[in-house]
Every structure is written in structure tokens, then in C-alpha cells.
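From first to last, the protein sequence lines stand for chains A and B. The opening residue of the first sequence carries number 1 in the working numbering; numbering runs sequentially from there. The opening residue of the second sequence carries number 1 in the working numbering; numbering runs sequentially from there.
None of these hints come from the bench; they were simulated from the model. Mixed in with the good hints there might be a few duds.
Claimed, not checked - Beta-carbon label-pair distances, calculated as ranges:
1. B:Pro-40 x A:His-470: 41 to 51 Å
2. A:Asn-305 x B:Thr-246: 40 to 50 Å
3. B:Arg-191 x A:Gly-83: 54 to 64 Å
4. A:Pro-308 x B:Gly-42: 26 to 36 Å
5. A:Asn-305 x B:Asp-137: 36 to 46 Å
6. A:Asn-305 x B:Gly-42: 22 to 32 Å
Stated by the list, open to error - Computed from the model, here is a short list of chain B residues facing chain A with C-beta under 7 Å:
7. Thr-16
8. Arg-82
9. Ala-94
10. Trp-96
11. Tyr-107
12. Arg-112
13. Ser-115
As the list claims (entries may be wrong) - Straight-line alpha carbon distances no greater than 20 Å define the calculated SDA-like cross-link-like pairs of lysine to any residue that follow:
14. A:Lys-406 x A:Arg-11
15. A:Lys-362 x A:Thr-208
16. B:Lys-110 x A:Arg-11
17. B:Lys-110 x A:Pro-210
18. B:Lys-113 x A:Ser-199
19. A:Lys-284 x A:Met-213
20. B:Lys-110 x A:Ser-199
21. B:Lys-113 x A:Arg-202
22. B:Lys-110 x A:Val-551
23. B:Lys-121 x B:Ala-133
24. B:Lys-113 x A:Lys-362
25. B:Lys-190 x B:Asn-172
26. A:Lys-460 x A:Ile-488
All values derive from a computational prediction rather than experimental measurement. C-beta atoms are modelled at their ideal positions from N, C-alpha and C, and glycine is treated no differently.
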Amino acid sequence: MAASDTIGVTRAWVPWAWSGFLIAVLAFLVLYPTSMLLIGALTTTNPVVEGYKLADLSIGNFLTVAMNPNVAGALVNSLIACGGGTIVAVAIGLGFAWVVVRTNTPCKGLIASAGMLPLFVPPLVAGVAWSILGSPKTGLLNLVFAKTGIPLHLDLYSMPGMIFVFGIYYAPYVYMFTAAALRNMDPALEEAAEISGASALRTMATVTFPLIMPAILSGMLLSFIVMLGIYGIPAVLGAPANLSVLTTYIFALTAWSPPRYNTAAAVAVLLMIVTGLLVFLQQKVVARRSYTTVAGKAFRPRSLNLGPWRFMTLALAIVYLFVVVVLPSIALFIAAFRKFLFIRDIPSLFETKQYGWQHFTKMFDNPLTITSIINSMKVGIITAVVGGILSFAIGYTITRARVPGKRIIDVITTIPVAIPGLVIGVAYLWAWIGLPGGLYGTLWILALAFVARFIPDTVKALSTSLMQIHRELEEAAWICGRGTLSTIASIVLPLARPGVVAAMTLLFILSIRELGSSLFLYSSGTMVMAVQLLGYYEGGNVGITAAFSLVQMVLLGGLITFTNWLTRSAAAPTAAAQTGGIARSG
Amino acid sequence: MSSELRVEQLRKVFPTTNKAAVDDVSFTIAAGEIVVLLGPSGCGKTTTLRCVAGLEHPTSGKIVIGGTVYTDPQAGVLVPPRNRNLGMVFQSYAVWPHMTVRQNVAYPLKSRKVSGAALDKGVKEALELVELADYADRPVTQLSGGQMQRVALARSMVYQPQILLLDEPLSNLDAQLRLRLRDDLRRIIKRVGLTALYVTHDQTEAVVLGDRIGVMRDGKLLQLDTPSEIYNQPADLFVAGFTGATNVLDGRVVARDGGGGTVAVASGEHLIARMGDGVAVGAAVRVASRPDNVGLAPAVEGPNQFLGRVTTRHYQGTQTVYQVTVLGATIEALEVGSAARHAEGSAVTVALPPGVCWAYPV
Numbered sequence: 001m002a003a004s005d006t007i008g009v010t011r012a013w014v015p016w017a018w019s020g021f022l023i024a025v026l027a028f029l030v031l032y033p034t035s036m037l038l039i040g041a042l043t044t045t046n047p048v049v050e051g052y053k054l055a056d057l058s059i060g061n062f063l064t065v066a067m068n069p070n071v072a073g074a075l076v077n078s079l080i081a082c083g084g085g086t087i088v089a090v091a092i093g094l095g096f097a098w099v100v101v102r103t104n105t106p107c108k109g110l111i112a113s114a115g116m117l118p119l120f121v122p123p124l125v126a127g128v129a130w131s132i133l134g135s136p137k138t139g140l141l142n143l144v145f146a147k148t149g150i151p152l153h154l155d156l157y158s159m160p161g162m163i164f165v166f167g168i169y170y171a172p173y174v175y176m177f178t179a180a181a182l183r184n185m186d187p188a189l190e191e192a193a194e195i196s197g198a199s200a201l202r203t204m205a206t207v208t209f210p211l212i213m214p215a216i217l218s219g220m221l222l223s224f225i226v227m228l229g230i231y232g233i234p235a236v237l238g239a240p241a242n243l244s245v246l247t248t249y250i251f252a253l254t255a256w257s258p259p260r261y262n263t264a265a266a267v268a269v270l271l272m273i274v275t276g277l278l279v280f281l282q283q284k285v286v287a288r289r290s291y292t293t294v295a296g297k298a299f300r301p302r303s304l305n306l307g308p309w310r311f312m313t314l315a316l317a318i319v320y321l322f323v324v325v326v327l328p329s330i331a332l333f334i335a336a337f338r339k340f341l342f343i344r345d346i347p348s349l350f351e352t353k354q355y356g357w358q359h360f361t362k363m364f365d366n367p368l369t370i371t372s373i374i375n376s377m378k379v380g381i382i383t384a385v386v387g388g389i390l391s392f393a394i395g396y397t398i399t400r401a402r403v404p405g406k407r408i409i410d411v412i413t414t415i416p417v418a419i420p421g422l423v424i425g426v427a428y429l430w431a432w433i434g435l436p437g438g439l440y441g442t443l444w445i446l447a448l449a450f451v452a453r454f455i456p457d458t459v460k461a462l463s464t465s466l467m468q469i470h471r472e473l474e475e476a477a478w479i480c481g482r483g484t485l486s487t488i489a490s491i492v493l494p495l496a497r498p499g500v501v502a503a504m505t506l507l508f509i510l511s512i513r514e515l516g517s518s519l520f521l522y523s524s525g526t527m528v529m530a531v532q533l534l535g536y537y538e539g540g541n542v543g544i545t546a547a548f549s550l551v552q553m554v555l556l557g558g559l560i561t562f563t564n565w566l567t568r569s570a571a572a573p574t575a576a577a578q579t580g581g582i583a584r585s586g
Numbered sequence: 001m002s003s004e005l006r007v008e009q010l011r012k013v014f015p016t017t018n019k020a021a022v023d024d025v026s027f028t029i030a031a032g033e034i035v036v037l038l039g040p041s042g043c044g045k046t047t048t049l050r051c052v053a054g055l056e057h058p059t060s061g062k063i064v065i066g067g068t069v070y071t072d073p074q075a076g077v078l079v080p081p082r083n084r085n086l087g088m089v090f091q092s093y094a095v096w097p098h099m100t101v102r103q104n105v106a107y108p109l110k111s112r113k114v115s116g117a118a119l120d121k122g123v124k125e126a127l128e129l130v131e132l133a134d135y136a137d138r139p140v141t142q143l144s145g146g147q148m149q150r151v152a153l154a155r156s157m158v159y160q161p162q163i164l165l166l167d168e169p170l171s172n173l174d175a176q177l178r179l180r181l182r183d184d185l186r187r188i189i190k191r192v193g194l195t196a197l198y199v200t201h202d203q204t205e206a207v208v209l210g211d212r213i214g215v216m217r218d219g220k221l222l223q224l225d226t227p228s229e230i231y232n233q234p235a236d237l238f239v240a241g242f243t244g245a246t247n248v249l250d251g252r253v254v255a256r257d258g259g260g261g262t263v264a265v266a267s268g269e270h271l272i273a274r275m276g277d278g279v280a281v282g283a284a285v286r287v288a289s290r291p292d293n294v295g296l297a298p299a300v301e302g303p304n305q306f307l308g309r310v311t312t313r314h315y316q317g318t319q320t321v322y323q324v325t326v327l328g329a330t331i332e333a334l335e336v337g338s339a340a341r342h343a344e345g346s347a348v349t350v351a352l353p354p355g356v357c358w359a360y361p362v
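Using the sequences provided together with the hints, build the complete structure.
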């Protein structure tokens, strides 16, 4: 009997304690702020002045806000802008996918990778670039049109303007989904239709299109969801025309004096409900058995010989790339390096003496610029480390560990998918602003909000790479006499390292470009880059705004290149998840 | 209304490899006949079939179906697949997953503007033929692999095509199902009386299904004959090897006699074998024979009997494979039955019946 004491017996309480710990951490990160947001939406008390009171909890408060015509107007604007944007995105993304996968258009590999570039541009930068190009009075394109006698006048400070910019920037999302579906489709399915006597058009309508429909629908819903949570584009393009959408309306409420925190919470809840419904719908579409992955085998996609028409499709693709990549870059460069954006005529665009580094000098003279860059880096590192460790712990627990409550952990981890960044920001605001001496006003609140916001993406990416490590590799270590922790340290972690590194760099990149949730959580001492950029834009200095946009783009570009270099040997799913993660966050 | 298929000097060069995938292939399939193209992967059999279907465009050559030219690149004739009135069964089944069984089978009829009672009748008959009438309203994704393949078959026959093309239709099925469906396939095709071109890399499948078998290699059609001729009179060493004649002995012809001759092998002993007219005395040859035709310790005396020694014995339950050292080489002999009669190391008399030993010039 004495011998059995010396042999380690698995202690029954350990799995329970571990699950309890994870659930507690997730509750702190996700459930507590969300509950505070809901409470905020149902009360009328000001948390800053009166602290948290549950006394006047009533659904009436929420309904009063929801029925408000301004809120309804913002909701309608949101739906129109995102709906229109989605239609444009589907038209472009689907066409692009077809050209790249199914035709013999020249240079299509290059076209495909260049087409993904818009995904990496922060929405605020996109908005700024297009306001420089298409503002009704001083837009560069309007100038070019006027001076060259083209009878065209653009006004991007409008609903069509928002729809256009949304559409072109989120088309890659639809492209990713539909291109994969087209590529994975067994060409024999279409050949069978042709053999059966169907014309090319009938084959497309009765076989090709229905088969990729789930992918189109899925990409469509996801781009809609992402657009719904975007602040940068409507803030820049909608505000001058007095067009508010839900996101800009929520921020306006907290910027009022005195801030309308309760109303903001109620509108945020409304946005969360709409997003939640769409996410639910999207999950249903995805859950339906996807037709195209049935065979699970690589196909050589049928490529249509377009003959001379292939130069037409090439030209169309080049036009798209010119509009989404080249034009905005030119706009940012001109605005950032030119002394005055007032341009008399076309030749003056090319006068070198008009260009210089003055906006950059002025920008770096402002101490807030450097502070915001340093703060962003700090927040990025905290987010990456905390989020990376937590994601690994959760990912391992969900995929491997035999502990109770796995399902609950999984569900709580997935909740943030349905919460736009801006709503997370409002929720964290509500959760901490009323607690003196708490997190509010520190960099940690930003980092924790980011961890909560991005945890579904990183856990998913890590789970994928964990699932590729065969269970028997771990079991072999157990048989060799290793304990659970020792096995994780010596077997799982080394094998999953590329995935973990990718997830952490992804968190870093996402957090330094995150604007939506930062808006509500920064304070004068914790300024971050994305908010500082908005500050420059709202301060009205286009030159400095463009210069700072370029600085951010160079930083992001460098980081993404570095990550790609890091993960080039890592599992492909991680890289794919990374693109997906950036896309979901807008 | 099945038709004759005539393929004349078909040649297909893929621009990417610049090598002829199909090289001067000609054959004719009579109306109602089943011809199987057999060969290892990359031999050009599938490309040939896809050229007949119109899915691949040959570089040159002619494809004539029922007297009408459907493909003739030199004359600029290239009828698209939809106007060829052919049926095709794909390796991956290619049943449309977003449709029910009925919708899949009705699709080609609808393309032909058949509707109403005629449509229902056609679909019903086709489904009865493949014994899937009870499954008509199931989504195809709920069917097993074998059932999906039968849907594909019904779909390819419902409009009475001129010719039925089958591209390795059984290779995605598990072994047992493959055996059953193999017999079903021949029965169904024969009952409808269709002309069929069938492609496979499985020799037993080819033997069971085909009226005639065409063996292909490197884009060339090496031999097109009945299964019995392919097995017993392989045209060359490759056909012999591919269909199972794996014992090869090197030697030199020392005498000729009608359709046969005498070959001196490595050990100096003389072996009688059949050989083509072109093989002259003095030529270096390889003699191929099948392990199942090699006799061990025959009861009667005869030609081509030699003394050998069993080196290894592989007992396989219902048969035993021996490796025997004889004629200065090692060959395999197969003994049917569950009782293995020869021990390793024992001396045996080895009989190579002259009628099934074929000598090919090297």
C-alpha cells in the first residue's frame, strides 16, 4: 500500500481547477465587459458620476434609444452603405476570382497577389486617401478632370462614395472565398454538364454558379459584417455630408458634452444584435455541407482560353489594381510631400520645388506622434504576449485536454466574433470607467480589449496548427514517462511554434492598426497611432495626416513582410488564418 | 442507336510538355462492342477518351462516330461535347451535389428539351436499369460511392447516347464493391446494347469488361485484341509484362521452326518458345512466361522440362508462389491450392509449356 503513494496519481481536482481558471479569465475578458454594456444600455445612470447602479434597470431605456429617429437613421444608413458596398464587393470579387482561376489571362498570379493588398490597408487610411482623391472641392481627381476637360465631377463625401470605397476595399474578401471554391471544384462536374448537352451558359447557370453559391453567400455576409463595424471610412467620407452610420453615431455620442454613455451603450447593443444575427446566418451557411470540398483532392482547374479577349480581362484587372492600389498611394504621396495641396494646374503637379519633407518634420515635432508610436508598440507587445499565451492555453485545452467544460470555453471564446471592435471599446469603457484606480487610462485596458477582440481568430489559427500534431506524438511522450506539462513543453510547443509565432505577430499587427475599440479607451497619456491619425485628420491638416498614414503603412508593410518571412515554413493554414484575421478586423 | 467509333491516326501534343501524349493511335469499335483501353498512368488512354468526348482537342487525326466526322483539326472540324450525343462516366463520378438523383438523371434530357411524361419515363427507366428507382428523390450527397457511380451511369445512358465513355469509373470504390459493380456494368451496357469505350489501369477489370482490350504505353496503342489473345499471345514484352508474364529469360535464337524456335539461355540449355516472323536465327531475345503457366514436377514427360531448385516459398493460403532457380536465372512459379507441395531447397522439375512462352527481340 505504501508503494501506491509514491506513484503519482492524477489528482481529480486539477482538470476542474484548470477549466475554472480559463473560464474565469474569459469571463473577465469577455463576459464582464459585455454584461456591463448590456446594463449600460438598460439604465440611465452616468457611471462616471454615480458609479454603477442597478436600480433603474429597464428595457424601456433601450427601447427609447432604439426608437429614436436619429438612431434609426444611422441604422438605415449603415445598412444601405454596407449593403451597397457588399454588392460592389461581390461584383468585383466574383469577377476577379473568375478571371484569376478560370481564364488564361496573362500574369494572373501577380494580379491575384496584388489584388489582396487592400486587405492590409487600415480603413482610416483608405478613407483619407480617397478623400484626398475625391473630395468635391479639392479632390485630386476632380482637379485632373477639370484641367483635362473631362466632364466628370466626383463627390465621395456621399452615400455612393462610401459604397464605392467599401466595395473596392472589401472585394478581396469575396474573392478569397469564391476563388477557393472555384479552384476546389472538380472540373468533371462541368464537363459532365457539357457532355449532357448543356451549353456553356447553361452549364454556368445550372452547375458552376449553384455550386459556388455557399461560398459567395458566405463571403458576402462576412464582408457585410466587417463593413458594419468599420469606423474609419464612414468617419472620413460620411461626416462631411452629415451621413452618420451606427459606428460614427456611437462615437459621436461619447464625444458629446456631457458624454451620453448610456445612449452609446444602447446603440452599441443594437449594432451587436445586427452583427450577431448576421454572424449566425453566416455560420449556418458555412455549416451546410460545402459542395466544393467533397472530393478533397487537388484539381487542375479548367482554364478558359479567352483568345484575344484575355488582354481585355488583363486590362480590367489592371484598372482595378490601379484604382485600389496605385491611385490612393499616389494621393497619399502627393499630399504627404507637397507643401500645399492647392494645385493650380497639371504641370504644377510635377514641380519638384513644391515637394519636401516639411509635413514629416512638423509631424515629428509633435511629441504625441512619437508617444503614440511607442504606445502602440507597447500595446502590441502586451497584446501579443498575453493573447498568444492565452490562445495557446485555450487552443490546447479545446483540441487536446481532457477537462470538463471544454464546450463552455469554446463558446465564450467564439462570442467576440459577433462583437464589432467599436462595441468592444464601448463595453470596456463601461466596464472600467466607473471603477476608480482601475484599468481605465492605462495601456493595459487597450491591450486586454484587443486580446478579447481577436481571441477567436488566434485560437482558431492555433487550434488548426495544434490539430496537425498527431495525438500519438504526445502519447508517446507520456509512455516515455513525461507528465502533461513536460510533454507540452518538450513536444507540443516546439512542434506548434510556427503557429504560435504567427498568431503572436498577427496579434501585434492587428493591435497596432486597431482603431474602433481604441477610440473609447485611450487617454491623453495612452495615445496610440490609429487614434493619433484620426486626430490629425480631424485637425484638418491633410499633409500631416497623409504623412502619418504613410509612416503607418510602411510600418505595417514591414511587419507583414517580416511575418511572411517567419511563417513561410509554417503550416499553410496559419498563413491563411492570418489573412482571414486581418480581413475580419477590417 | 449505338454507333461505330473510328479513331484514325489520333495525335495529341500538350504544349506544356511538348511530348505526344497520344501518338498515332488508330482503332475501330463496332456498334455494340465494348473496348477497354488498358495501360499504366500517363500512357495516353484517358487523353484518347477525352479526345473522343471532345473535351480535349487533338493535334491531328480524325474521330468518326456513326459515319459522321466529329473531330478533324486539319479540316477545322471540332464539334463541341454538347453536340456529340455521347455519354460519359467520370472517375470522380461528377454527380452534381446540389441536385437530387432524379434531377441529375433528368438534366441531360432537359438539355434536349424533353419534358413532361417523356422525361419522367426516361428517368424512371434509367433509374430502374441501375436499380436506384427507390432513391430518386434523395440528394446525391446521401448516397454511397457505389450508388453515386450508378447515378452517373444512369445519367450517361438516359438519352441513349451514340457511344458510352467510361473513365476509370471504378477506381474510387473499395475492392469488394468494385468487383460487384464491374459485373453489373458489363451486364447493363450489354443489355442496352451500347458501344462503349472504357479506360482502366486494372487488367482484371479489362478482361472481365471488354470484348476487346487495347494496351497502351507512352501514347502508343501496342495491341488491340480479345482478352484471350492479349493474355496468350501478347504482342510485345511490355504487353506480356503488363498482363502478368513476369518471368523473363535472356537468350539467343539458335533455330527457327514455323511460328516458333529454339532459344539458348544463360545456362546453355535450350528452350522452345513461340516468336514472331521477324525474329531471325542469331537474334538476342527475351522469353516471357506467366508464373501460373509454369509447372512444377509435372506428371508427364514433355518438351521444355528442366531441373531446378526451389529457393523461397511464399505461402499465400489459396496459392503458393515459389522462386525457382532454373536455366541460370530465377523465375516464379505459382501453384494453386492450399497445400504447398515443395519445400525450400528441394529439387524440382520445371515445365515451361512451349505454347505459352513468347520470345521477343531485345
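Next on the checklist: So, against the hints stated earlier in the document, which numbers end up violated here?
Outcome noted: 1, 7, 13, 15, 16, 22, 24 and 25
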